[in-house]
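K.L.:
Below are the chains, spelled out letter by letter.
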Amino acid sequence: KAGVTQTPRYLIKTRGQQVTLSCSPISGHRSVSWYQQTPGQGLQFLFEYFSETQRNKGNFPGRFSGRQFSNSRSEMNVSTLELGDSALYLCASTPSAWGEYTDTQYFGPGTRLTVL
Amino acid sequence: QKEVEQNSGPLSVPEGAIASLNCTYSDRGSQSFFWYRQYSGKSPELIMSIYSNGDKEDGRFTAQLNKASQYVSLLIRDSQPSDSATYLCAVNRSGGSYIPTFGRGTSLIVHP
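Quick note, the sequences are listed as chains A and B, same order.
Take the first sequence: its position 12, counted from the start at 1, is 12 in our numbering, and no numbers get skipped.
Take the second sequence: its position 73, counted from the start at 1, is 73 in our numbering, and no numbers get skipped.
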């Protein structure tokens, strides 16, 4: 099976702009989670989507949002970019089902976002 | 307050030695515990998961969990230079939700 894919791999934006990142999970996986990784804060959970619904959410401001499509592909959007949003954004998919939380995650290669 | 603590290292061990990586967590209701390996410039890769007290072995890797002490560790036997990476400890909160918390990782260097 193909792994988790993320596009684009690298992105440079300026403060105040918005950005959309895309994630395609492993075929058959219905749960997609997003993470932010920075040297200062480490890996932090943003949110999880399952069957087009946000199922869990981390402690990030409303500028960070996401959605999931019927084919399980997910997008993450960051509006009004700040310098501190520069990070590696990772997507992970899990073979989860309703009422179950499968812990095994498979990470994509990430999108490196730089905000100038 | 940090919820998952790891020594940032670097932990330096000679090739063939046992590397011991430690992690403590604050949420007593935590139920799932994971170790990920992350090579520089790459994404994390799950290497071990553990859910019950005691040891779990998989090849050269052994995860140890002590819920009473809120402590989870990873032992790497016969360490190889290819094991040089950052090891992330992750803990899943209780209550049926899935909001994993990661430690900041321990950098391991295995020198020939």
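Everything labelled a hint here was simulated from the structure, so no lab data went into it.
Using N, Cα and C, we set each Cβ at its ideal position, and we do this for glycine too.
Treat the hints with care, as some may be off.
Listing some non-contacts, in silico: residues in chain B with all C-beta distances to chain A over 10 angstroms [what the hints assert, rightly or not]:
#	residue
1	E15
2	S43
3	Y71
4	R104
In silico EDC-like links for lysine to aspartate or glutamate, alpha-carbon gap of 20 angstroms or less [unchecked claim]:
#	chain 1	residue 1	chain 2	residue 2
5	A	K13	A	E52
6	B	K67	B	D83
7	A	K57	B	E57
8	A	K57	B	D58
9	B	K67	B	E5
10	A	K13	A	D85
K.L.:
So if I understand the rule, the pair passes when the alpha-carbon distance is 20 angstroms or less; does K57 (chain A) with E57 (chain B) pass?
P.N.:
violated (33 angstroms)
K.L.:
If you draw a straight line from the CA of K67 (chain B) to the CA of E5 (chain B), is it 20 angstroms or shorter?
P.N.:
Holds. K67 (chain B) to E5 (chain B) sits at ~15 angstroms (cutoff 20 angstroms).
K.L.:
Regarding the pair K13 (chain A) and E52 (chain A), is the alpha-carbon distance no greater than 20 angstroms?
P.N.:
Violated, at roughly 28 angstroms.
K.L.:
For E15 (chain B), which was marked as not at the interface, is the minimum beta-carbon distance to chain A over 10 angstroms?
P.N.:
holds (28 angstroms)
K.L.:
Is the straight-line distance between the alpha-carbon of K67 (chain B) and that of D83 (chain B) 20 angstroms or less?
P.N.:
violated (27 angstroms)
K.L.:
Check the hint pairing K13 (chain A) with D85 (chain A) against an upper bound of 20 angstroms on the C-alpha distance.
P.N.:
It holds: about 10 angstroms lies between the C-alpha atoms, which stays within 20 angstroms.
K.L.:
Would you say R104 (chain B) is clear of chain A, with no C-beta pair closer than or equal to 10 angstroms?
P.N.:
R104 (chain B) not clear of chain A: closest Cβ-Cβ about 4 angstroms, inside 10 angstroms.
K.L.:
With the threshold set at 20 angstroms, check whether the alpha-carbon distance from K57 (chain A) to D58 (chain B) stays at or below it.
P.N.:
violated (32 angstroms)
K.L.:
Grab the minimum beta-carbon distance between S43 (chain B) and chain A and tell me whether it stays above 10 angstroms.
P.N.:
violated (4 angstroms)
K.L.:
Does Y71 (chain B) really sit off the interface, with its C-beta more than 10 angstroms from all C-beta atoms of chain A?
P.N.:
holds (19 angstroms)
Of the numbered hints stated above, those contradicted by the structure are hints 2, 4, 5, 6, 7, 8, listed in ascending order.
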